[in-house]
Every structure is written in structure tokens, then in C-alpha cells.
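A.B. asks: Okay, here's what each chain looks like letter by letter:
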Amino acid sequence: MKLCEFIRPTSLSEARDKLRELGPQGMALAGGTALHFLQDQTTRRAVDITRLGLSFIRKEGDFYVVGATTPLADIQRYRAPDWTLHEVCRRIATHQVRNISTIGGNICRVFPWADLPVVLLALDARMVVFSDKEEEIVSDEFFDGQPTQRFADGSLLTAVKVPLLRAHQGFGVVKVSRNSAAFSLVTMAVSLELDGEVIKTVRVAAGGAVPFPRRLPTVEAALVGREAKSEVFREAATKADSDVSWRGRESLSPDYVRQLAEVSLHDALERAVSFARARNA
Amino acid sequence: MNQYPMTVSFTLNGEKRTFATAPGENLLDLLRRSGLRGTKFGCGQGTCGACTVLLDGRAVNACLLFVGQVEGREVCTIESVGSFDKSSEIQQELIDGSAVQCGYCIPGIVMSATALMKAETKYDDEIVREYMDGNICRCTGYEKIWGALRRVLDRREASLAKVEGSGSKS
Ligand SMILES: Cc1cc2nc3c(=O)[nH]c(=O)nc-3n(C[C@H](O)[C@H](O)[C@H](O)COP(=O)(O)OP(=O)(O)OC[C@H]3O[C@@H](n4cnc5c(N)ncnc54)[C@H](O)[C@@H]3O)c2cc1C
Ligand code: FES
Ligand code: FES
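Heads up: the sequence lines are chains L and P, in that order. Whatever position you read off the first sequence (first residue = 1), add 19 for the numbering used here. Whatever position you read off the second sequence (first residue = 1), add 152 for the numbering used here.
Chain L with its partners taken away, still in its complex shape (with noise of 0.2 Å):
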């Protein structure tokens, strides 16, 4: 992709006046670190997004919500006791890349890498999309395709909502990557309520291995109402077939991809009970 243009609105109305004044020619630009991804030979307007004061992380009611152009870097160091977010983040990319591409890059058009799709599935996130109005969308929506055509309008993703986790709640996410810039080979993300001792919610979220980011029903029923221990979850790792088909991977063969997968659930989901049982304590 080339850029012939380069242009800096001051309002979050002005860029998305001109991103639809602009229709396919325009393009948003975050970070824009994943131009480089794009091999077309089109030439976009690039529309900079990063000087609209969308770039903060606060807590407000039910959420911690994210600005959009928050870098990963900025994610990564932020603490608080239920923060989710900062494990992942480390894991995304290098040091040079976190500090400049942001949540909103990440989610907004879905590479079968991408990392932050799977966890904020897996915590049932809210995206805020700003066109006329602002408008909240659930993660399973979201999700659901290729997020760029929403976007196609000149509507723009203002922040990520992410629930505050409650007592007896837990979240766990396991990647596994060659090394620390390499795409996930997989990535295994799991938010989970317990009753006692008993699994009462869960929500499991696959990427990497397969060809979009995914949550795994069949995985997810195998679970609720049974023990929170580890044959069951390896058991319930199994039933992930069901839900998906693994890719072969970096000279992997796809029933390697299926047993890391396995393997990394299973470590996820150990992840999410400890959590939980750590802020019961």
C-alpha cells in the first residue's frame, strides 16, 4: 500500500467527515505499523488518528475502558489489581512496535495473527464505534468477519470497554511463539466464573492456528458445571476439534498445531482458576 497523502484532523468528527469524504481512497491511521502487511499496490489518503485524545486507560463503572490509539506499550504497564490486559501486550511484537501500534490497529482489521481479538473475545469486551453517535458493539459482533467493513463508512473505534472481573472470577492467556517477534503460533485466551469449586461461566477464545480469531463452544460446554481441575480441562481441550480446524503453522504439521493448542489451552485455563482462586484468597 502507498500513501500519497497525509493529513491531521484535530476532532474526532473532522476525521470522520474526511475518511467519508474520502470513501475507499481514505484509510485510518493508527500506529500504522501494519501497512507494511498490506502488499497492495492501491494508494490511500492516510487519515492520522493519534491526535484526537483517544489515547488513555481509565476505570469507569463496570469497565476499564481503553482509548482506541493507546499504544500496546502503554497497556502493558499499566497495573491495577483485575487488569487483564498487560500480559498479552508483552507478548505482542518488540518493544519498538508496542510503543507505537495501538489496540485500536489490532482489533480494527484482524491479521490471523493478531493476539488482542482472542483475549478481548474471550472477556466479552464492548467496542465503542463513533459515526453519528457512539455506539457499544459485543465482542461476539465484533468479531464476527473482518471488522474493516464496519469501518468502511468512516465510522471509527473510539475505545475497548473491558469488564472489571468480579470475585470468583478468573482470565488466563497463554501464547506460544518462536520468539518474542514472531507471530503467535497459537494464542489461548480463557475468562471464567467459579461456584465453589464448580466452573459456572466460561468463555474460551482461539487464534493463531486457525484462520480467524474464534470463541469455542463445544470447549466452553464441556466446562460449565464440571470441576475446575486438570483432567477436566484436558478433556475439554480435545473437544476443540469440533469447534475448529487447526493450521499447520511455520513447518508445524497441523497435528502439532492441534496438540500446542491442546497443551496451551489446558495452561490457560490452570491460568484463569488461579486467578480467580488468588483474588477469592
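The set of hints was computed from the structure by calculation and includes no laboratory data. C-beta: ideal position from N, C-alpha, C; glycine also. Among the clues, some could well be false.
Stated by the list, open to error - Ranges of calculated distance between the beta carbons of each label pair, as one might list FRET restraints: (1) P:Gly209 x L:Phe75: 53 to 61 Å; (2) L:Ser270 x P:Glu278: 24 to 32 Å; (3) P:Asp248 x L:Phe82: 37 to 45 Å; (4) P:Asp276 x L:Ala186: 30 to 38 Å; (5) L:Tyr97 x P:Lys314: 29 to 37 Å; (6) P:Gly209 x L:Phe82: 46 to 54 Å; (7) L:Glu153 x P:Val315: 43 to 51 Å; (8) L:Gln168 x P:Asp208: 49 to 57 Å.
Claimed, not checked - Pairs of lysine to aspartate or glutamate, DMTMM-like flavour, derived with a Cα cap of 20 Å: (9) P:Lys270 x L:Glu246; (10) P:Lys274 x L:Asp93; (11) P:Lys238 x P:Asp248.
On the provided structure of chain L, position chain P with the ligands as indicated by the hints.
C.D. replies: Here is chain P with the ligands on its own, set in the frame of chain L:
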């Protein structure tokens, strides 16, 4: 057609500068064609770190940044850190520790270490690894680079602690 139809202004190594440029040009190309050749081109895609510069004090890949993104901001390159004649502490330690082979990765490594020293006051291995995880060296096996970094960071941490200690006494 004019190759550089727009201008960009930013603070470069402490000096306000304006450059003729094109919307699609990246910061690395602009720096190198302007004579600042210390910043290197390695991969051009954000994986090797040879092109690391500081943007408002943070380490970033100059190869990934479009020039328009740095308008009005502050960029520091390796030229602001030290030179052959006047090397900085970290550069000297890398030389003294025989941590430089071909040297291609070194400007990027020095810039990442500079970002670390600017932003942090404690340098446990975990934070050093975090700041350095975007710099690849194909020659040295990292051992000597890590040793040189550790020596500088340990000295710095000790001297920062001393300053803090003396402050609390008075
Ligand atoms: C070397 C390297 C390794 C990487 N490894 C990983 C990895 O392992 N895992 C991972 O998850 N990511 C990884 N990434 C990051 C990822 O691939 C993207 O580059 C990054 O997330 C894009 O963020 P950005 O802010 O730079 O977005 P941009 O490049 O600015 O934008 C990306 C897309 O989203 C659109 N967009 C951005 N913000 C908005 C908004 N607010 N509203 C509407 N549309 C918007 C843009 O128009 C564009 O289409 C890696 C990147 C690099 C360079
Ligand atoms: S040249 Fe920029 S990261 Fe390799
Ligand atoms: S010294 Fe040659 S790449 Fe590092």
C-alpha cells in the same frame, strides 16, 4: 513531478528542522538521505531493530514510521548519543568489552538501551530483556552485549540509588 511535495517539521537531535518529503516516505529513509547514516536499514519491517530511534523519548522503528507521524515531535538518533571521537558510556563499554563485531546492530542496541536509561531507574534482567527484545544481533550471540549493558546499568543503578539516598538524608 516533484518527488517531495510536502514538508515535515520536527525536533531532530535537539534542533528544530523542516524537511521536504513525500507522504509515503518513512523516517529512516528521510534520516539517511539527510546525512544521518548512523541509523541502519536491516529488515524494513519492524523485526530487527537496526533502525531504532527515540520518538519523544521512546524507542521506535524508524522504518515503520511515516514522516507525517513525527510532525511536531522530538526525534533522537544515534548521532545525539555519541561518536567515534566522543563515545558515550554505553558505546565505550561495548567497545571495551569486545561486544562489537560487524557493528550493524549496535546503533539500534545503543538507542534501545538509551530509552531504558531515560525511562527507568531500576534495571533488573526482566526490564532489560523487555527493552531489548526488538534488537537482533547476527554476530555476537548477545553474551558480550548483555555483559556490557549489565555493567553500565549496574553502575547507573548504584549511582542513582546513592543520589536518592543522599537526598533522603538531607
Ligand atoms: C514485526 C511485527 C510483529 C508483530 N507481531 C504481532 C503479534 O505477534 N501479535 C499481534 O497481535 N500483533 C502483532 N503485530 C502488530 C499487528 O500486526 C499490527 O501491526 C498492529 O496491531 C497495528 O496497529 P497500528 O496501531 O499500527 O494500526 P494501523 O496500522 O494504523 O492500522 C491498522 C488497520 O486498522 C485500521 N484502524 C486503526 N485504528 C482504527 C480505529 N480507531 N478505527 C477504525 N479503524 C482503525 C486502519 O485503518 C488499518 O486498516 C506485529 C507487528 C509488527 C510490525
Ligand atoms: S530496519 Fe527497521 S526494524 Fe529492521
Ligand atoms: S555485531 Fe554484527 S549484527 Fe551485531
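A.B. asks: Decide, hint by hint, whether the structure agrees.
C.D. replies: These are the hints, each one checked on the structure:
no.: 1; hint: P:Gly209 x L:Phe75: 53 to 61 Å; verdict: violated (19 Å)
no.: 2; hint: L:Ser270 x P:Glu278: 24 to 32 Å; verdict: holds (31 Å)
no.: 3; hint: P:Asp248 x L:Phe82: 37 to 45 Å; verdict: violated (52 Å)
no.: 4; hint: P:Asp276 x L:Ala186: 30 to 38 Å; verdict: holds (32 Å)
no.: 5; hint: L:Tyr97 x P:Lys314: 29 to 37 Å; verdict: holds (31 Å)
no.: 6; hint: P:Gly209 x L:Phe82: 46 to 54 Å; verdict: violated (30 Å)
no.: 7; hint: L:Glu153 x P:Val315: 43 to 51 Å; verdict: holds (48 Å)
no.: 8; hint: L:Gln168 x P:Asp208: 49 to 57 Å; verdict: violated (34 Å)
no.: 9; hint: P:Lys270 x L:Glu246; verdict: violated (49 Å)
no.: 10; hint: P:Lys274 x L:Asp93; verdict: holds (18 Å)
no.: 11; hint: P:Lys238 x P:Asp248; verdict: holds (14 Å)
Consistency with the previously given hints fails for numbers 1, 3, 6, 8 and 9, ordered from lowest to highest.
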